[in-house]
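Let the hints inform the model, and build the full structure from the sequences given.
According to the working numbering, the stretch in the sequence shown is residues 1372 to 2027, in order.
The set of hints was computed from the structure by calculation and includes no laboratory data. Treat each hint with caution, since some may be false.
Unchecked claim - Okay, the calculated beta carbon distance ranges per label pair:
1. Thr-2014 to Glu-1526: 33 to 39 Å
2. Asn-1817 to Glu-1923: 20 to 26 Å
3. Phe-1547 to Glu-2010: 51 to 57 Å
Stated by the list, open to error - Calculated pairs, DSSO-like style, for lysine-lysine (alpha carbon to alpha carbon, straight line, at most 30 Å):
4. Lys-1977 to Lys-1955
5. Lys-1809 to Lys-1798
6. Lys-1955 to Lys-1838
7. Lys-1838 to Lys-1799
8. Lys-1798 to Lys-1838
9. Lys-1955 to Lys-1798
10. Lys-1799 to Lys-2005
11. Lys-1667 to Lys-1838
12. Lys-1977 to Lys-1799
13. Lys-1511 to Lys-1977
14. Lys-1809 to Lys-1838
15. Lys-1809 to Lys-2005
16. Lys-1799 to Lys-1809
17. Lys-1955 to Lys-1809
18. Lys-1798 to Lys-2005
19. Lys-1798 to Lys-1977
20. Lys-1977 to Lys-2005
21. Lys-1512 to Lys-1977
Positions of the beta carbon are idealized from the N, C-alpha and C atoms, including for glycine.
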Amino acid sequence: MSTTEATPSRTGLRVRVQKLGTALSNMVMPNIGAFIAWGLITALFIEAGWLPGLFNALQDPNGWVAKIGGWGAFEGAGVVGPMITYLLPLLIGVTGGRMVYGVRGGVVGAIATIGVVAGADVPMFMGAMIMGPLGGWLMKKADALWEGKIRPGFEMLVDNFSAGILGMILAIFGFFGIGPIVSSFTRAAGSAVDFLVENNMLPLTSIFIEPAKVLFLNNAINHGVLTPLGSTQALETGKSVLFLLETNPGPGLGILLAYMVFGRGMARASAPGAAIIQFFGGIHEIYFPYVLMKPKLIIAAVLGGMTGVFINVLFNSGLRAPAAPGSIIAIYAQTPGGSFLGVTLAVLGATAVSFAVAAVLLRTDRATEDPDLAAATAEMEALKGKKSSVAGALVDGGARTGPIRNIVFACDAGMGSSAMGASVLRKKVQQAGHREVKVTNQSIANLTDDYSLVVTHRDLTDRARLKTPSAIHVSVDDFMGSPRYDEIVELLGRDDAAGNAEPQPAAEDDAPAPDGADVLAPDSIVLNGTARTRAEAITEAGRLLVAAGAVEPSYVEAMHERETSVSTYMGNGLAIPHGTNEAKDTIRRTGMSFVRYSDPVDWNGKPAEFVVGIAGAGQDHMALLTRIAQVFLKPAEVERLRTATTAEDVRAVLSG
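This is the structure we're talking about:
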């Protein structure tokens, strides 16, 4: 039987794009204050700015106004020009280098950036985003070459000269290579924008931007493309409409207003607070869960965004500098005098259209159940890749308020991943003195809404919420050492502090004795696995189960199917592939297999040195799973498995 590796999913591509967007954003966002300062100086001192206009209006060339003087010095070669030409790109380059390799990376990144700045005839934001991280990365690799090989007393000499020489090389490379290329790209992109504006096609960008926002791909578009192009355009004309393509709060505000009028349940109750945070605070992610609850509402966001862009183009309005965050306050702070009307109408128009479309979609929605805001928030956090404290605040009001008495770790089949995770969490809970709290494991299909807290892999959380809507839900990635376990223990401690529970003395280790050790036969232990890929490793562990008579051959296919839905990597070098819940009827008896790899297998980006195949017909394998979990939490025990020379040595470690 041959099984090939699954092709990368769209989710993997989305994650990579999100990482790119995050990297670009992390270079720009810390320096937004400098962009704002440049925008304000531009507004005050350029020829069409506030102060020259005031001077001309007063028409007092020989009086006290003239004595103030000096405003023209800020224009062009004074401050405005050097800030956007040198200061802003250098700040981005330094930040990018420091992200990769600290202060040394920042220094080399700045030297590399000045090369592209000097070798280009446009502001080099994109060049800085390339050369800054590149300089930091190359400096890190160079230091690794001679780490530990420098004689005492020469460290500073080598460090300084290596950074200087590498910086010089990169500055020359940037001047003659990257600078001209990025200049050409910037001019081409600017021409493309001009073409869209001249042909009234710029509103079409909302078709891509609004869905990208909900999928957290906006940083790659906004800070990677729009901010550099907009800044270049603002230098020439004093403003740019590009700064308003993504930051207009109107589309999100319209959707939230529609929920306030036509929504139901928690979504309707929380929409007013979300609208305030989104419009005045500029935290646009607050409305993303409301779209994810009803994905068709993306139509409202797109049409609202297109309306806003159309009005801005019609009135020739724009901003002087990026508005970050996308608050109406920040937007008005960067609006030049001639654009207030257009910007205001664009926000109002986007809000009105988005509201009208969302209202129709909500009114005609045939769903009879209240939308699950908590599940949508969880989906949003999964897309974003981290918790959202702002969005989470909207659903906390519906969370359980009583003491936590029972915790369940749930997975698809309820016999492998959940058992391991429950064992690790149970030990932490008991060692913290919370012996009154029961920690069990269960399959998601068998969950009931009787649990205080449910722990699942993040890819299964939404399914678990449907079965246990009143419970607290915690998502994990690493079953063996997730930091969320410690957060759960802290939550139990807050229950104690609130008087909800009496903590009990900590138990030493009351895990059940591994009576199920016989399910792991010596013939099912391989100390030198031959697999080189995850799929091959699953097949190798599955064939051992078939050879032992524990499962039918079709069970191995179910193990591969299980892996496509959620990873069975536990952490600490351990993976426990097992079949789906539907494949339980192909299990003849409980059995386990153990395969060790001298060259760890790439398990979806994580190294798996030990692979334990599982086929659980009942509960008699749970004791051994508990023991395995305890073993892999102790580096000394893992080392014993790593150096074991016989199958009996492995059984001795796993059976205690």
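Provide an ascending list of the numbers of those earlier hints which the structure does not satisfy. No numbers; nothing is violated.
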